[in-house]
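Position one of the sequence shown corresponds to residue 1 (the numbering used here), numbered consecutively onward.
Hints in this document: simulated from the structure, not taken from any laboratory. These figures come from a predicted structure and were not determined experimentally. Hints should not be assumed to be uniformly reliable.
[Stated by the list, open to error] Restraint-style ranges between C-beta atoms, simulated for each label pair:
no.: 1; residue 1: 133; residue 2: 59; range: 15 to 21 Å
no.: 2; residue 1: 233; residue 2: 91; range: 36 to 42 Å
no.: 3; residue 1: 154; residue 2: 205; range: 40 to 46 Å
For each residue, glycine too, the CB sits at the ideal point set by N, CA and C.
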Amino acid sequence: MRRIDLNLLVSLEALLVERNVTRAAARLHMSQPALSAQLNRLRDLFKDPLLVPAHRGMVPTAKALELIGPLRVSLDQLRGTLQGHDSFSPATAELTISIACTDYVEAVVVAPLIVALRERAPKIRLAVHRFAPTRLAQQLADGDVDLAIATSDAGQTHLRTRHLFEESYILIGRPGHPRIEEGATAAGFARLEQVIVSPSGGVFSTPVDVILEALGHSRAVVASAASFLVIPSVVASSNLVALVPRRLMRSRLAEVAWIDVPWLSERFQVELIWHERTHGHQGQQWIREQIHDLVVAD
């Protein structure tokens, strides 16, 4: 412990987040040679390279990945102690927050948030962007997006996350659908004509088909929609059925026939995702808390 300098730990955090000595040095307002010297001291301290060269930038070692979680928690607690009381005032703050999400998340999370903000923070504006998984990390780093609400990529350890909820699926069809109950088994489900959602367009299979194939079945997908929001209208006027996220239909279950699908254990996690650059911003912190509290109270 006598060898540890607090500045070294702050530098280590910046290096693990940026994975680039030049960017980390700019973030810390210090020269690149000075930060390189600190990195050498950290390597000696932890008896580990911590960051190793890669095709683009640097990648953390297994030891570094073990350190980043506890390091962030400790430094965040220290920052909170030093910052004292939060001076952010939601009632008067003028702020624009950019959120990346799917249409489903926009309906079940962002729409209630917009309503809540009109009462709690009337001068805060929300800009919703389409969720693009392959571009998200760069969008967050560049400031094109402040926050995402989605399933996080386990490989993007440099991004911060907070769990919101776990989601499951139900099977819906038109009221009085004569065969929807067959969907309670994998074999019966596979016999039903279905519409699925392909956000990227033109795809007629999902991870559910992999599960069905493992069980010895294949289903009849007759349509691929670009959005979950059109699915209730499609099934309402046909004999097609569809798997949809449970929360999406929670307030509309009276409009459709629906069943649980006990053979399908598929779940997905919905999380808040943000970059280090917005982590300490009081307005951004407040928005993240509002989203979390809205979901938990729902």
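Hints the structure violates: just list their numbers, smallest first. 3
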